[in-house]
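S.K.: The chain contents come next:
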Amino acid sequence: MPANIFPILAAQASPEVIDRIPSSFSHFVIPFVAGITFFLVWIFVGFIRVITQLSHEERVKFWTSLLNPITAGKNIRDLFCDCLFHTKIWQRKPLLGYMHSAIAFGWFMLIVLGHIEVALFVPKHLSYGEGGLFYPIFYRYFVWIRPGHESLRGAFFFFLMDFFLLYVLTGIGLAMFKRFRSIVLGMRHTTKPSLADRVALYSLWMIFPLRLLAESFTADLSGGSFLTMGMNHLLHFLFGDKLYFQPFWWAYSICLGTFFAAMPFSRYMHILTEVLWILFRNAGLKPSHPRKGVAEAEIYACSSCGLCLDACPMNVQKKNLKYSSVYFIRFLRRHNERKIAEIADKCLMCDKCHALCPVSVDAPALRRAQRQTTNDHLPYDYSYLATVPVKLYEPATPRHLERDAGSNSSKVLYFAGCMSHLTPRIIKAVEDIFKKAGIEYVFADREGGICCGRPLLLAGKKEAAAKTMDANKSMIKASGCKTLVLSCPICYKVFKEEYNLVGIRVVHYTQYFKELIEAGKLNVVKSQERIVYHDPCELGRGCNVYEEPRTVLRQVGNLVKAGHEYDESICCGGSLGSLTLSQNDRRKITDAAIKDLTVASPETIVTACPLCLKTFSERSTVPVKDFAEVLTKCVA
Amino acid sequence: MRNNVLIIGGGPAGLEAGANLQRLGYNVLLVEHSNTLGGHLGKWDRLFPGGTPASAALDKLLGSMDGVKCFTDTEIQSINRLGKSYNVILSNGITVLADAVLVATGFDLFQAEKKEEYGYGIYDHVITNADLELYFKTGLDTRINAPRKIGFVHCVGSRDEKSGCRSCSKVCCATAVKQACEMKAAFPDAQIYCFYMDLRMFGRHYEDMYLEAQRDYGIRFIRGRVAEVSENIDGSLSVKAEDTVSSKPLKVSLDLLVLMAGMRPSVSGQRIGSLLGMQNEKDGYFEVLSEITAQQRSSIPGIFLAGAATGPKTIPDTLADARGAATQIDKYLSDIFPKAKDLKQLIKTAW
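Taken in order, these protein sequences are the chains called A and B.
Letter 517 of the first sequence, counting from 1, is numbered 516 in numbering that gives the first Met the number 0, and no numbers are missing.
Letter 113 of the second sequence, counting from 1, is numbered 112 in numbering that gives the first Met the number 0, and no numbers are missing.
Each statement offered as a hint is correct.
Have a look at the derived ranges for each label pair, beta carbon to beta carbon: (1) B:Thr243 / A:Asp375: 22 to 30 Å; (2) B:Asn86 / A:Ile182: 37 to 45 Å; (3) B:Gly66 / A:Gly562: 53 to 61 Å; (4) A:Val559 / B:Lys239: 33 to 41 Å; (5) B:Gln213 / A:Glu341: 44 to 52 Å; (6) A:Ser382 / B:Ile299: 57 to 65 Å; (7) B:Thr243 / A:Lys520: 45 to 53 Å.
What the simulated footprint calls covered on chain B by chain A, stretch by stretch (three residues with Cβ under 8 Å from a Cβ of chain A suffice, anywhere in the stretch; the number is not a length): (8) 154-165; (9) 223-229.
Keep in mind the hints are simulated off the structure, nothing from the lab.
Note that CB positions come from ideal geometry on N, CA and C, so glycine has one too.
Please construct the entire structure, taking both the sequences and the accompanying hints into account.
M.R.: Now the structure itself:
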């Protein structure tokens, strides 16, 4: 018997499942087939379009990333975690995470299990000639379970199908509830759906209840478990022996067809596009144009879930909701150029929407790309670049005299940057700590320097940034120092990511001072002062430096918690990223951030960014101090 | 029966209004939260444009206060409407039924340390206009040590959206020119620079003062904001600015930098405002009923305003405003509290 050798083949011969409809076709499948065909053609064309829009290097990078085993592993993990389980949402808002994963993972499992059932019981119907496109979807309509022949394996699948259907239905129930009371699921604001969104949304809501009804009506013929069978008994009890099930299968098919037809024009396009975006993301591709190639995949990967609405610091005022990333992306999709430009310039570039996005859609990068289209080609006067100091300032130290000139390799190069020059107490404190730790340093821009280039990059002025970065780069190389210490996270990010300083270690002063303490060069005396630490956007979300400042501050005083910390930290409102946000709106953000920082009534707010320091100092009633300032006070 | 008038704030506006209302026959009560009368005027040395000693002006104001009851070191605890009047409880335990209230809470000087790039409170030789006046009065300030190069920075905390104030503080330009001349007189060898955005020499004789400063005192006026200040090892200051007339960046080394701190709505005044439920305008100063025809009236009946509580003003402007407020209060009280009894009394005694 072949059954003994190939159990799967034995299943084929199983008398349990019989084709109820010999032609394996019914007219009700037409709406679904039409919808899904349109959708598949659309997505195929879209995929080809995106791939052809990529530059040659990007394409090579993309294909090779797929072959790289490490990236491939990451891809598989991210596809499961981000697309199906929505782990990022689970971590922050469990109920919302449950809702999303119930719909995504539950539906995925229904499709997979449907195909497995077909493969096990009626495998010939997997081929497209035998209705492979729709048969697994409407499996319960087409088969008949011979009474009394139901196998354990069959029952197991019936149970699984009912279980996942119930799982999806609970998710849909929560989704409906969320429309009216989103705050219960942890969302203060939700996105305003567009027309296509509504069509897709309502059909999505209808799909699963209709599936339940349709499968319940046929459960006594084609099998079912606790849910559908139970419903079936109820229906028989209510309507008698004969159940007329055709309308429900029609309705179910129509809803599915409508959903797939509306999908390309609605937010639900994210379901498949996010797969491509995750592959792009993991391949290290970044949008270079606000609309084409990588950007296109990114834009369609946005699920318009609206988590960025509550994340955006501008939305402390309801009138600014319209500037959120979700609407920016929506207008990019619609090619609404006027609104695109307005929203692109408004953003503070704090990167919180990117950090909290379930699929890490990098909206700030899209905004930067958009700004580049208008700002990169403006004429600039580069004559100031000549003011980069040639002779750097070196404080005289006893050892300095012994050392032969030109040997700076053991010294530290300190670059304060424009913002630290506007907050001289930082420079004073940093120099103080250098002296206390006995560090020999060279002060790069004491006698004046030029911009690090980051604000220019944020404004989309790529070429101007490149010129300033070149000038700074040659200055740094000429200094001969092997360590570059920065007190401004804005400078730190750009020096670390864009300068490509081979052989030179780039560190933020929070990291450097932590090392000095660990090396025993600084003797810290703990005080009982209650301090709260504000994560600057460019340092935390920008460079992933969260722990170093905290480690030091715990040794300095009594570190208390803020309302929002780490990657949820709120922008101080002073960001250089926004080109058009009014001072009044900025002040509202500053006040909100201060309120959030002082929930545990600290005596001092500590930050590690000159811009945050300056912005908070102007508005806060609680004293605001810099990291170095607090540290040097506690160093003997 | 004489009507009670309560004046909140014992600066020039409160004093001038108090004296006038007393002369008009009202029972005036003045409440000042600090321990001295005179407000900012008491801390100033000389006044522009003519160099009148501030103490002389203050003495003249205080000298005409006969009969006005003044409470210093006193706060308003609560203030509630009671019929046509206001029931006011003071921190010294006294309760007053005031028929009219004049809010003359003045201004606060902008805290120059908030403009950190100028280094006030961080560098040794950065002072404010108020510090300099105190130096002129007392001759004591360790930060002023025979400076040979002095800079004045105009518009510190004024006309500066980032520091939270869009409007002009009105008096700093003339003060800077006055103080620059005085410094030149005190240190004849010093070279003095004024860094300005616009010079607003709007008042009578102001322009003459500005011309004199250039012609007779040799003060150099540079149009451009100071960008940043750093301190050299010897304690001197390195100031970076832009000369917008020649479109060139500029760097000078100075021995003393004077910041012309602007005016801000007073914090204690804001408290009074919230006790009364008074509206502020966007700039933080109190809203007036009409900025053309009813400058001294608030939107609340019986509550009047005078002086810098409704925006930056010079001393003469403040005094004129206070006199205006006194006549407004007089008109209000005679309309709302007609003196029928007094008239009978008057006829009785006249006959």
